[in-house]
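Q: Each chain, written out:
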Amino acid sequence: MSSAIQSTKEQDALLRAGIDRSLRHPVMFFLTSGAAWLAVSIVLGLVASAKVHSPEFLTGCSWLTYGRVFPAHINALVYGWGFQAAFAVIIWMMARLSRKECTAAGLILTAGHVWNLAVAMGLIGILSGSSTGMPWMEFPAFVWPVLLVSYFAIVIWSFIQFRVQPEGHVYISQWYLLGAMVWFPWIYITANTLLFCIPGQPLMGAGINAWYKSALIFLFFTPVALGAAYYLAPKVTGRAVYSYSLAKLGFWSLAIIAPWAGMQKLVGAPIPYFMPYLGAAATVMIFIPAIAASINILRTTLSSSEILAASPSLRFTIAGIIGLLLLGFAAVVLNLPGSTLPLTQFSMSGYGFDILAIYGFFSFVMFGAVYFIVPRVTRREWLSKRLIKIHFLLSVYGIMTVALVALFGGLEQGIGQEDWQQPWEAAATRAYPYAVATTIAWCFILVSNVFFFIHLALMWMCLGRRSVHPTLLVSDHGHATNPHGEDGDVDNAGPGHVVAH
Amino acid sequence: MSLRTFIFGLAASFGVAWLFIIVVPFIKMRNLEPIQLNEATDGTTGIFYPKRTGRITNGALVYAENGCYLCHSQLIRPTYAGNDLYRSDWGGLKADPDRGDTRRETNVYDFSGEKFAQIGVSRMGPDLSNVGLRVSANYATGGDPAKWFYNHLYNPRQDPKLWKSTCPPFRFMFSERLITGNPSNDAIAIVDDGKKEIVPDSDAQALVSYLLSLKKDQAVPAVLNFAPPKNKG
Numbered sequence: 001m002s003s004a005i006q007s008t009k010e011q012d013a014l015l016r017a018g019i020d021r022s023l024r025h026p027v028m029f030f031l032t033s034g035a036a037w038l039a040v041s042i043v044l045g046l047v048a049s050a051k052v053h054s055p056e057f058l059t060g061c062s063w064l065t066y067g068r069v070f071p072a073h074i075n076a077l078v079y080g081w082g083f084q085a086a087f088a089v090i091i092w093m094m095a096r097l098s099r100k101e102c103t104a105a106g107l108i109l110t111a112g113h114v115w116n117l118a119v120a121m122g123l124i125g126i127l128s129g130s131s132t133g134m135p136w137m138e139f140p141a142f143v144w145p146v147l148l149v150s151y152f153a154i155v156i157w158s159f160i161q162f163r164v165q166p167e168g169h170v171y172i173s174q175w176y177l178l179g180a181m182v183w184f185p186w187i188y189i190t191a192n193t194l195l196f197c198i199p200g201q202p203l204m205g206a207g208i209n210a211w212y213k214s215a216l217i218f219l220f221f222t223p224v225a226l227g228a229a230y231y232l233a234p235k236v237t238g239r240a241v242y243s244y245s246l247a248k249l250g251f252w253s254l255a256i257i258a259p260w261a262g263m264q265k266l267v268g269a270p271i272p273y274f275m276p277y278l279g280a281a282a283t284v285m286i287f288i289p290a291i292a293a294s295i296n297i298l299r300t301t302l303s304s305s306e307i308l309a310a311s312p313s314l315r316f317t318i319a320g321i322i323g324l325l326l327l328g329f330a331a332v333v334l335n336l337p338g339s340t341l342p343l344t345q346f347s348m349s350g351y352g353f354d355i356l357a358i359y360g361f362f363s364f365v366m367f368g369a370v371y372f373i374v375p376r377v378t379r380r381e382w383l384s385k386r387l388i389k390i391h392f393l394l395s396v397y398g399i400m401t402v403a404l405v406a407l408f409g410g411l412e413q414g415i416g417q418e419d420w421q422q423p424w425e426a427a428a429t430r431a432y433p434y435a436v437a438t439t440i441a442w443c444f445i446l447v448s449n450v451f452f453f454i455h456l457a458l459m460w461m462c463l464g465r466r467s468v469h470p471t472l473l474v475s476d477h478g479h480a481t482n483p484h485g486e487d488g489d490v491d492n493a494g495p496g497h498v499v500a501h
Numbered sequence: 001m002s003l004r005t006f007i008f009g010l011a012a013s014f015g016v017a018w019l020f021i022i023v024v025p026f027i028k029m030r031n032l033e034p035i036q037l038n039e040a041t042d043g044t045t046g047i048f049y050p051k052r053t054g055r056i057t058n059g060a061l062v063y064a065e066n067g068c069y070l071c072h073s074q075l076i077r078p079t080y081a082g083n084d085l086y087r088s089d090w091g092g093l094k095a096d097p098d099r100g101d102t103r104r105e106t107n108v109y110d111f112s113g114e115k116f117a118q119i120g121v122s123r124m125g126p127d128l129s130n131v132g133l134r135v136s137a138n139y140a141t142g143g144d145p146a147k148w149f150y151n152h153l154y155n156p157r158q159d160p161k162l163w164k165s166t167c168p169p170f171r172f173m174f175s176e177r178l179i180t181g182n183p184s185n186d187a188i189a190i191v192d193d194g195k196k197e198i199v200p201d202s203d204a205q206a207l208v209s210y211l212l213s214l215k216k217d218q219a220v221p222a223v224l225n226f227a228p229p230k231n232k233g
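In order, the protein sequence lines correspond to chains A and B. Under our numbering, the first residue of the first sequence carries the number 1, and numbering increases by one thereafter. Under our numbering, the first residue of the second sequence carries the number 1, and numbering increases by one thereafter.
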């Protein structure tokens, strides 16, 4: 009996190793090129942020004017880093959860190269002055069909794996990842065809653009990050998810509420009156799925405080989930029509909110996933816990500054804008210190991600540690029980050492 | 839950919102019904035509390509949504010499001729809905407003009133050239002992023409005029 269990466990371990091997190149390609774009984006963000308070900084060249650097920064962050991190997580987790090896690694890798090329062309387009002028859709119009086709070529295999998986349990992570996979193309095709292909009313165009931005955050980045967190938290702690019904509530409330959000950006604009107010109401209600999912994940992990202290994956994931809680809180505080919405509608809090969503929540969970996935697909361990710690601490400090700027600086600036008896310059003066704070925060985030990128690149070059002991953030070597659970044992001592115990 | 029900759930929850706030409003707003002017209230009959002159298409393109929308909005919100209307020169002019208080909120015709309404991302700078009129009335008093704009784009902090501006300079839209014959009317500076002049390139010309077209100086039909009745006399 026990030997039968033993052999199934060995088969499982072999299957997992097979899946990891089949996805090694696509996953590492997406993660490293994503991390490189992240570094590019942060440099651009730093330049743009410095220009907000020092307008004569780097003005010699048209390519570096604020109005081009800033969109380049956001688009590199979203399409260069965000999407590629999401692709790596989707293809790896869907393969693991559906228990199917990937048979299309070559095609995925090719599509990944096309994606990167399109992002590069788009960024050159923006910087050389061919931006479309629509926030988050600034890439010249020829880019979006290329991105769409490569998107399908990348994720379709995960969908097929899910379809052909043996009948059985569908994991919470799979709901979220499938949701993101289905919603994104729908959102993307809608926004791009209505803005670039079918001429419409210019104000409705602005509305669709605002909706697109919000939908991308709440219906693509949020579900991908939650899918990853619902995978990592139970896996690393070795506990079952705290509540299945809470997970259901979190998922379906997100699915029902999030598609209505976004148009609060147009409050007061001459479009049908109900649209911006529905948008504001939906954005405020985002706190329901945010709280449901974060409580569920926190309850799953917080009782395992030793593992939380030791595991880099878990630490980043939990930081991301706290970012989600803050995001849900900010969604309420910044979007109350009649009190705060008039203040935040045109203030820097919008940018802060986006950064909180993309970096403070999504990217942190992605970093957690990276620290979990990379040792498995490269069969090497992370080189240095110090590098991981630096990455974590500087990122947390940086993002906390940006979040504070979002909540307080935006409101402060908005109060100045609404005070019509004061000259307009008063509002700009109020915003000034917060702009300086943002620049400093970007410096921290830049340093932290340079370390991250170097570490990741070394891992990709197979320069990771050959060891059976994962790199932990506490300093007991060897004898500690593996916090990554059974599956966390990586067969890094060479083939044939897969010991399931 | 089977896959089919699950996908149906995903599609239904998203599709309802998609229909109600994207597809249906998009189709309805594509063909706005023209506004019939009324003899009694507007003093004339026929159809209301929003008037706008200038290189709007080219200028809007330059505006978009150089990210002006990141710091400047083009939206005067009604008073329930913000205090934009109270500022003396944002939604019109508080004391227009000919027509009195012309301030009004943005209406759907203000973006005619544009593909995308640049309502803006944030207000690091002031709202531009009425910048053409504002500059003519308050900044370039007595002078050529286009010239004021050229100077402002070349160095946003040149006007002593605006020394605190954080607007980036757009010097790359200007070029220095040898003067042959008379200097250009658009030249913003003569340098090099009168041998060379700094003139706006075509991008700057289109942009300034567009900015000058942003003005609220046309009387709107009574059905679009939400201003409270004014005491006459």
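Since the hints were derived computationally from the structure, they do not count as laboratory data. Since this is a predicted model, take the numbers as computed values, not measurements. Every residue gets a Cβ at the ideal spot worked out from N, C-alpha and C, and that includes glycine. Fair warning: there could be bad hints in the mix.
Covered by chain B, per the in silico footprint, the following chain A stretches (three or more residues, Cβ under 8 Å) [said to hold, decoys possible]: (1) 256-263; (2) 397-407.
If you want the ones that stay clear, here's a sample from chain A, every Cβ over 10 Å from chain B, calculated [what the hints assert, rightly or not]: (3) Ala-206; (4) Leu-266; (5) Lys-389.
Q: Out of the numbered hints, which ones does the structure contradict?
A: 2, 3, 4
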